[in-house]
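2 protein chains.
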Amino acid sequence: MSIIVLGTVALDSVKTPFGRRKELLGGSAAHFSMAARLFTKVNLIAIVGSDFPRQHVTFLRDKGLNLNSLIVGDGKTFRWEGQYQGDLNSALTLNTQLGVLSVFKPEVSSEQREIENIFLANVDPDIQEHLLTKMRSPKLVGLDSMNYWINTKRKELIKLLKRIDIYVANDQEARSLSGENNLIKAAKQLCSLGPKMVLIKKGEHGVLFYNKKFIFSLPAYPVEKVIDPTGAGDTFAGGFMGFLAGTRQVNSLAIKKALAYGTVAASFNVEDFGLLRTSRLTRSDLERRLAKFKNCFSF
Amino acid sequence: MSIIVLGTVALDSVKTPFGRRKELLGGSAAHFSMAARLFTKVNLIAIVGSDFPRQHVTFLRDKGLNLNSLIVGDGKTFRWEGQYQGDLNSALTLNTQLGVLSVFKPEVSSEQREIENIFLANVDPDIQEHLLTKMRSPKLVGLDSMNYWINTKRKELIKLLKRIDIYVANDQEARSLSGENNLIKAAKQLCSLGPKMVLIKKGEHGVLFYNKKFIFSLPAYPVEKVIDPTGAGDTFAGGFMGFLAGTRQVNSLAIKKALAYGTVAASFNVEDFGLLRTSRLTRSDLERRLAKFKNCFSF
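Just so you know, the protein sequences line up as chains A and B, in that order.
Each residue of the first sequence is one higher than the last, beginning at 17 in the working numbering.
Each residue of the second sequence is one higher than the last, beginning at 17 in the working numbering.
I should point out that these hints are in silico values taken from the structure, not numbers from a laboratory.
Possibly wrong hints are sitting among the right ones.
Below, a sample of chain A positions facing chain B; criterion: calculated Cβ distance under 10 Å [claimed, not checked]:
no. : residue
1   : MET17
2   : GLY102
3   : ASP187
4   : LYS204
5   : PHE230
6   : LEU234
7   : SER314
Heads up, the beta-carbon is just placed ideally off N, CA and C, and yes, glycines get one too.
Make the full structure from the sequences, and use the hints.
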């Protein structure tokens, strides 16, 4: 079954200990799609500006994405500039230019409206809500956000949480929104706000999954050379949601497998700048690394 | 086979969000022993002052520890005072009184000298070296240290690493001693200094194990109510080394099991102040939680 991803398509400029890159194709929806496309048909809902390079559109289309609802707005493409230092666990944002993102009203075609798997990647909660309301019969809805919205649109975000199935957050966000320092307590508290499942991404420390039936925790795949972690969380979500969208039954085994696929997909993402590695990724790359990954924690 | 643990026996005063306790029995060797005793006969090598409460000696003896080399020195027992806030991941040291620890010269009986499994818990590297030199035929030697010694006795510590099998560090220490931010690189670099194996403890994020043959990584056991994390790392080491000392062959499966036992032992330690929980711990408590723990990451 196919999936809708709402999010950003951006031009990212990054500086890491391994170099500097300017205006790479990026954004939450783009990173998500590179992993999700390996499991299911991905419908990308985003906006770019009139300055968005044509070759990027071709590139995304060649990856098999449905771009019918990729709007070209009148203005500039969303740009993000950031820097990573030390352990590369957190980005320092140097500059953000919203451009057309500030007037984004997502649209979906009548066919897309029927899609049951939806991922609301990090954008303004009002935009996320706007899209969700358009959908006819949401079955599995995931949502990611960020500290900026937790601080500035807390009410809107909390209202939206009642309508989703899976809340995806990093550890800082989970602590900030729940008011709990302990991550298990934080996950529990977030679950009580509406979502059936909470997934806390911890970067190099792996992932924690919570629902009322079980807690599941995986380490990260050990990557020695982290070149650029931009989009790793979105790639994780793409592998996770993509796998679930492609599976018939969302039971505990499917969730565990989905978390492992997400982890492995994210490990490829950090091995090169932007989408360079994940855009070349194949399902068999994923399977091979998944087998290795299992050996890292199974006995 | 029995094990020697060299380390501290201390009087710990702690303040955590769950309360305040004064002069609890603690110290690296004491915490280590509470876990290791469930697998093997533990010989505790440490010093206390003439003010050390008699009932603590009785308590330790009742736990089955061999106290033949627990020296009572002329002076005060080592005292540590610390505080935990927020996520309880790191202690803020408020006060340290070395007392008799500053004149500690460890002794071992002629029987103890034959013991092949040795854990050098966190004390001055010169003291660790002093004990190691006394041992007749060390077979499996583990060593823990801390940032203070990494900064002030780096040379001595690095020299000592050539003589040990397993270096146990937390993530900060591993980064600090190796000069590498990436933990896989850090583990590799530390291995090149001598130890066959490197074990990096990451608190609530679990553990990373590295040797030339494999990388193994486990999440922490999910504990919702962390009361007092003091000694969790030593308890981890006690479960890990204790299991290995009790096993015949230190192969990859034994190492993986040992890491899981260490993780589970540490999870009990944080559930109450000081040694309160681990001193009541039984092997069947460990086994029950180990089975639950496996469900947290196996699929």
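Here's how the hints hold up against the structure:
1. A hinted interface residue such as MET17 (chain A) counts as satisfied when its beta carbon comes closer than 10 Å to some beta carbon of chain B; here the least separation is about 22 Å, so the hint is violated.
2. Because the beta carbon of GLY102 (chain A) sits about 5 Å from the nearest beta carbon in chain B, less than 10 Å, this interface hint is met.
3. Given the 10 Å rule on beta carbons, the hint for ASP187 (chain A) holds: about 9 Å separates it from the nearest Cβ of chain B.
4. With a cut of 10 Å, the hint placing LYS204 (chain A) at the interface with chain B holds, because the nearest CB-to-CB distance is about 8 Å.
5. Look at PHE230 (chain A): its Cβ gets to within about 7 Å of chain B, closer than 10 Å, so that hint holds up.
6. Using the Cβ-Cβ criterion of 10 Å, the hint placing LEU234 (chain A) at the interface with chain B is satisfied: the shortest such distance is roughly 6 Å.
7. About 6 Å separates the beta-carbon of SER314 (chain A) from the nearest beta-carbon of chain B, less than 10 Å, and the hint is met.
In this structure, only the earlier hint numbered 1 is contradicted, and the remaining ones agree with it.
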